[in-house]
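**Student:** All chains, please: the whole structure from these sequences, using the hints.
Just so we're aligned: 11 in numbering that gives the first Met the number 0 is position 12 of the sequence shown, and the numbers increase by one with no gaps anywhere.
FYI, nobody ran anything at the bench for these hints, they're computed from the structure.
Mixed in with the good hints, there may be bad ones.
The calculated BS3-like cross-link candidates involving lysine-lysine, where the alpha carbons are at most 30 Å apart (straight line), are [unchecked claim]: (1) 60 <-> 15; (2) 102 <-> 44; (3) 43 <-> 15; (4) 102 <-> 117; (5) 117 <-> 44; (6) 43 <-> 117; (7) 155 <-> 102; (8) 49 <-> 60; (9) 155 <-> 49.
If you're wondering where the values come from, they're calculated on a predicted model, not measured in any experiment.
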Amino acid sequence: MPKKTKRPAPKKRAAKVSPIPPGMRTVTPYLAVVGAAQALEFYKKAFGAKEITRQALPDGKLLHAMMRIGDSVIMMADEFPGSNLRGPSGVGTTTVMLHVYTKDVDRLWAQALAAGAKVAMPLDNVFWGERYGQLQDPFGHLWTVSMRVPMSAAEKAERQRAAMAMLASGEHPGRETSTP
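**Tutor:** What follows is the structure in structure tokens.
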């Protein structure tokens with residue numbers, strides 16, 4: 000009788016893992032904030048954010064957090080010594096704006112102001128056919144909010160002409176000019 004050879008046990012297959020987690024988009028903003036836990040609470044009040052996860056250190060600083068606004072996810076963390084990530088208050092400005100499309104921009108605008116946001120550019124109907132405005136949150140980040148609105152081609156053209164004239168003269172549409 001031929002000698003039986005022992006067959007190796009079948010290899011276990013690793014569970015298939017999607018390279019992008021469910022519910023995530025290809026690009027996800029990651030904010031650095033001085034006071035990230037407080038910022039997360041502000042975003043809940045101002046923009047209706049839903050907290051997904053929070054990893055806090057014993058002192059309350061956030062190592063990592065995720066929130067969802069509408070169908071979009073935003074990640075955030077506190078500033079930490081030695082990190083190359085700084086929030087607006089750490090550098091004195093911001094280099095990015097976060098844009099929120101909404102079905103009722105006037106309601107969201109009022110909600111964000113009531114939560115403590117400051118007007119950076121007043122809410123107005125703009126030449127590209129949206130009701131649009133800019134807000135600054137208490138942590139230094141700029142947010143733009145808008146919704147599309149019906150606007151005739153003639154109205155768009157007139158609003159664009161006025162905006163371009165302001166830009167050409169060194170002013171910015173929606174911003175008050177300061178006099179020396």
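**Student:** Each hint should be assessed against the structure and marked as holding or not.
**Tutor:** To see whether the hints hold, each was checked on the structure:
For a cut-off of 30 Å, the pair hint linking residue 60 to residue 15 is broken: about 34 Å separates their Cα positions. Distance check on the hinted pair: residue 102 and residue 44 sit about 17 Å apart at the alpha-carbon level, within 30 Å; holds. Distance hint between residue 43 and residue 15 is unfulfilled; the C-alpha atoms sit about 34 Å from each other, more than 30 Å. Among the hinted pairs, residue 102 with residue 117 is consistent with the structure: their alpha-carbon atoms are about 21 Å apart, no more than 30 Å.
About 14 Å separates the Cα atoms of residue 117 and residue 44, which keeps this hinted pair within 30 Å; it holds. Restraint check for residue 43 and residue 117: the C-alpha separation of about 16 Å stays at or below 30 Å, so the hint holds. Restraint check: the Cα-Cα separation between residue 155 and residue 102 comes to about 21 Å, which is no more than 30 Å; the hinted pair holds. Taking the CA atoms of residue 49 and residue 60, the gap is about 19 Å. The hint holds against a cut of 30 Å.
Between the alpha carbons of residue 155 and residue 49 the distance comes to roughly 36 Å, so the proposed pair goes past 30 Å and is violated.
Of the numbered hints given earlier, the model fails hints 1, 3 and 9; all others are met.
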